[in-house]
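If you read the protein sequences in the order shown, they are chains W and F.
The first sequence: position 50 = 50 (the working numbering), numbered continuously.
The second sequence: position 97 = 97 (the working numbering), numbered continuously.
There could be a bad hint or two in this list.
With a straight-line cut-off of 16 Å between C-alpha atoms, the simulated EDC-like cross-links for lysine to aspartate or glutamate are [what the hints assert, rightly or not]:
#	chain 1	residue 1	chain 2	residue 2
1	F	Lys341	F	Glu384
2	W	Lys99	W	Glu199
3	W	Lys304	F	Glu384
4	W	Lys117	W	Asp148
5	W	Lys304	F	Asp242
6	F	Lys399	F	Glu364
7	F	Lys309	W	Asp69
8	W	Lys49	W	Glu34
9	F	Lys341	F	Glu355
10	W	Lys99	W	Asp69
11	W	Lys304	F	Glu273
12	F	Lys309	F	Glu273
13	W	Lys186	W	Glu199
14	F	Lys212	F	Asp163
15	F	Lys341	W	Glu34
If you are wondering where the hints come from, they were derived from the structure by calculation, not from laboratory data.
Treat the numbers as computed from the prediction; the structure is a model and nothing was measured.
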Amino acid sequence: MSRATFAVVAVVLTSALLAPRARAEDDEAVRVREALVAAARQGPAAVGKVLEEADALVGPGATFPGRGDLADWLGAMPPAVAELPVVRLRRAWLYVTGKRGADAMPLIATALETEPKNALLRSYLGEAKRQTGDVAGAVGEWVRALGDGATDEQVLPSVRRLVYDLHQVRDKDATDALPRYATAAKPVLDLRPARDVAEALADWLFYDADQARADAARSARLVAEGLRWTWAAVRAGVPEPDRLRLARKAYDAGMRRRAVVSPADDLPSAYDLFAQAVRWAETGTEGHGLPEALAALAEEAFEKGRYVLASALCKRRLAISDSPTARRVLAQLPPDVD
Amino acid sequence: MSVRPWCVPLALLALAAPVRGADAPPAAPAAPRKAPRPPPAPGIHWERDLDAALRRAVREGRPVYVCENGRIEEGEAGTTMLARAVYPSAEVGDASRGFVCLVANGATHATKTVDGEEVCERYGTGTCACHQAVVAFVLERFSADGVSIVSPSHFLLDADLRDVYAGEYQQSVLSGPALDGWFARLSPRLAQRRVWSAREARTDALGKAATKDLEQVAATWIETKDPWAVVGVAATLDQEPDVARRVALAAALGRAGGDATPFLVEPLFDATETPDAEPALTAAWCAAALRADPDVGAWATARALLRTKDDASARRLRDAADALSGAARARVLEAVALRSKAAGDLDAFVAAATEASWPAVRVERVRAACGRRSPVEFGGGTREGRRRAWWAATAEETKAARALALEALRDPAEDVRVAAAIALRRAGDPAGADVLARALADPVELPEVRAALVALTGEDRGDSAEAWDEVLRGGGAR
Ligand SMILES: [Zn+2]
């Protein structure tokens with residue numbers, strides 16, 4: 001940014017800070033205020049419509065710089081307007097989307113007293129708590145919201161932000177436990193799997209594991225958790241455009257899994273990971289999107305005594321190109337296996 | 001004629017290789033439309049894109065040569081010498097031509113245009129973006145602590161991107177002959193294509209040698225320890241139509257020890273598929289393989305022994321076991337037991353397998369094939385145990401067994417469900433038809449389901465669920 005531009009921005013920012021919070025109402029704000037008072041006499045539907053129009057008051061150069069400011073202004077309306085549930089709910093939403101969760105919480109709490117099973121309100125409360133830094137509280141509300149029927153869209157965007165933010169500050173986490181980014185949202189993700197989050201968690205955990213190789217115990221812990229999240233990302237229903245990418249991740253995870261000493265019972269096996277790699281890189285032709293996965297799965301199938309499968313995989317791999325691995329497995333198969 | 005798909009590349013290679021005695025007339029020289037391309041620069045040709053390079057290595061079956069050269073920026077003597085004198089040399093360049101070559105260096109350099117392509121000026125080929133990406137790759141793959149690596153270092157990956165060589169410091173660089181040796185071992189098919197130009201005089205001499213001298217001429221070349229010798233003999237054998245000459249060349253290959261193994265497996269697989277087509281050649285192949293690599297030789301011998309219709313041939317092949325020990329002996333005796341199904345042969349196999357510490361599942365399947373299934377601890381709690389238990393239980397064809405198999409159709413593991421469905425179908429029960437139909441559309445479960453259905457019906461209806469529908473629903477069995 002050039003010095004001149006910075007000066008202009010600084011002036012704008014300063015004037016915004018010095019101006020009264022609900023700045024002297026401009027013509028548009030006065031119109032909305034009057035419309036709200038009038039609509040309050042007609043009922044919640046009419047108020048809701050005006051509230052939507054009020055959104056136009058927020059933005060650069062408009063009456064209010066942020067959504068929280070609009071919420072403050074609505075809260076200062078006459079009680080006939082401000083105490084309406086539809087207005088309180090709108091203010092809660094404005095505070096949450098304006099990143100002022102603490103201001104939203106009392107409004108949402110009151111609303112939940114009358115509607116304790118309202119999943120949308122519950123998801124707002126989770127987001128509000130997240131904004132105040134109450135991670136456990138947020139996750140608890142999201143779990144409850146999902147139990148009350150919340151949709152993915154009502155919960156997962158907040159979960160993504162939580163996980164991303166925790167990853168940004170992972171240097172502050174204790175090194176003798178899993179990083180918080182990998183554990184905090186687990187109760188929610190167990191209920192509502194999100195492939196993109198699982199994939200990101202696996203990537204981050206493997207990266208951190210590689211960086212921590214000098215600390216074998218920590219590195220092993222990170223790898224194990226990375227394997228669990230990889231499995232969550234690849235186990236089922238991968239959409240077409242993501243298949244080859246996830247096949248490669250399943251394959252890489254399978255290679256990491258092979259190196260795990262004394263694995264926990266809940267870790268996916270190398271066989272399972274390679275099988276998913278073979279499935280998701282399937283091209284439907286004699287070729288294959290990830291030929292090395294054919295060879296790796298052949299080795300695992302051989303170890304399990306699944307010789308027919310091992311043979312088919314070796315032949316398919318060798319039909320693509322030279323493969324010392326496939327050749328070695330082929331030359332160990334029982335004599336009756338074609 | 002059925003051509004197994006995995007044989008196709010070899011056939012293509014044969015077409016690509018020059019055929020002796022059938023020189024095509026030279027084509028009339030066409031007027032060049034533009035200036036001829038300059039000859040390629042000597043020395044290693046570095047790749048331009050890491051990911052594309054690795055994919056090409058797998059797709060084409062090429063080894064990957066990775067050279068860590070990061071400390072050249074500091075003027076470190078060994079790294080600098082390698083980059084200035086070794087990598088650009090004609091000897092290393094020629095030997096590296098079949099490899100996918102990657103240099104690792106984190107710096108950004110000036111660029112220049114060579115033959116219309118922008119390249120890193122420091123290394124003369126490839127791009128700075130690529131040699132920078134290789135640094136991260138090397139650290140992830142080879143660093144002990146994840147963040148540092150000895151510079152210079154050298155690594156080799158095979159065509160499945162497995163590590164096969166790692167060395168530190170200047171002395172770890174691979175010479176031309178060392179690269180040739182690795183190329184033959186890791187990419188035998190591509191090596192067979194190159195050998196005609198790499199050793200033109202030698203391969204010509206092999207082609208012209210009289211049949212009675214051929215084994216000796218080939219063996220003499222192999223004894224020189226030239227890394228191309230075994231490649232040249234294998235390539236000549238692959239091209240040779242005359243059985244007597246093939247027998248002589250196979251015998252010579254047997255003298256090459258473990259260097260011959262990569263060139264033996266696929267031809268042996270074919271030769272032992274129909275051992276009676278050329279019995280002399282089959283016997284020569286097996287003898288050569290036993291001499292070069294007892295494990296591979298025993299595998300081939302066992303395949304031929306099980307498939308030959310000629311009892312005398314089978315007896316001769318069986319005699320090979322007497323000179324073998326360990327796993328190699330168990331392999332031959334496994335085929336003897338499967339062929340005869342006699343109690344004594346089974347006992348001999350089980351003793352050899354036990355001595356060689358073979359897994360229980362491999363022993364058990366031979367017992368079952370001989371009609372002597374022993375009570376086996378299947379470990380019902382594990383997935384593998386469940387998978388095998390349904391097979392065993394349904395073979396008893398009791399009501400209780402059927403109930404167990406029906407329950408297994410709802411197992412969380414796909415392979416357990418499929419195993420149960422196959423077992424039920426073998427017992428004449430179509431309850432698992434839907435599981436089998438899904439399995440026929442799955443690249444992992446397909447081969448075993450198809451093999452089981454072929455065994456059941458005696459015909460192969462291919463890999464579409466529709467073609468097998470009647471069988472899945474209970475019809476079509478022999
Ligand atoms: Zn460069």
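Hints, one by one, checked against the model:
1. Between Lys341 (chain F) and Glu384 (chain F) the CA atoms are separated by roughly 27 Å; this puts the pair beyond 16 Å, and the hint is violated.
2. Under the criterion of a C-alpha separation no larger than 16 Å, the hint pairing Lys99 (chain W) with Glu199 (chain W) is inconsistent with the structure, at around 27 Å.
3. Restraint check for Lys304 (chain W) and Glu384 (chain F): the C-alpha separation of about 8 Å stays at or below 16 Å, so the hint holds.
4. As the CA atoms of Lys117 (chain W) and Asp148 (chain W) are separated by approximately 6 Å, the hinted pair is consistent with the 16 Å bound.
5. Only pairs whose Cα atoms come within 16 Å are accepted, and Lys304 (chain W) paired with Asp242 (chain F) is rejected, the gap being roughly 42 Å.
6. Restraint check for Lys399 (chain F) and Glu364 (chain F): the C-alpha separation of about 24 Å exceeds 16 Å, so the hint is violated.
7. The suggested pairing of Lys309 (chain F) with Asp69 (chain W) is violated, with an alpha-carbon distance near 91 Å, which exceeds 16 Å.
8. Of the pairs offered as hints, the one joining Lys49 (chain W) and Glu34 (chain W) holds, with about 13 Å between alpha carbons and a cut-off of 16 Å not exceeded.
9. The hinted pair formed by Lys341 (chain F) and Glu355 (chain F) fails the criterion: a straight-line CA distance of about 21 Å is larger than 16 Å.
10. For the given pair, Lys99 (chain W) sits about 11 Å from Asp69 (chain W) by alpha-carbon distance, which is consistent with the 16 Å threshold.
11. Distance restraint check for Lys304 (chain W) and Glu273 (chain F): the Cα-Cα separation of roughly 24 Å exceeds the 16 Å cut-off, and the hinted pair is therefore not satisfied.
12. With a C-alpha separation of about 12 Å, the suggested pairing of Lys309 (chain F) with Glu273 (chain F) holds against the 16 Å cut-off.
13. The hinted pair formed by Lys186 (chain W) and Glu199 (chain W) meets the criterion: a straight-line CA distance of about 13 Å does not exceed 16 Å.
14. This hinted pair does not check out: Lys212 (chain F) and Asp163 (chain F) have alpha carbons roughly 42 Å apart, beyond 16 Å.
15. Proposed proximity of Lys341 (chain F) and Glu34 (chain W) is contradicted: the alpha carbons are some 98 Å apart, above 16 Å.
Of the hints listed earlier, those the structure fails to meet are numbers 1, 2, 5, 6, 7, 9, 11, 14 and 15, in rising order.
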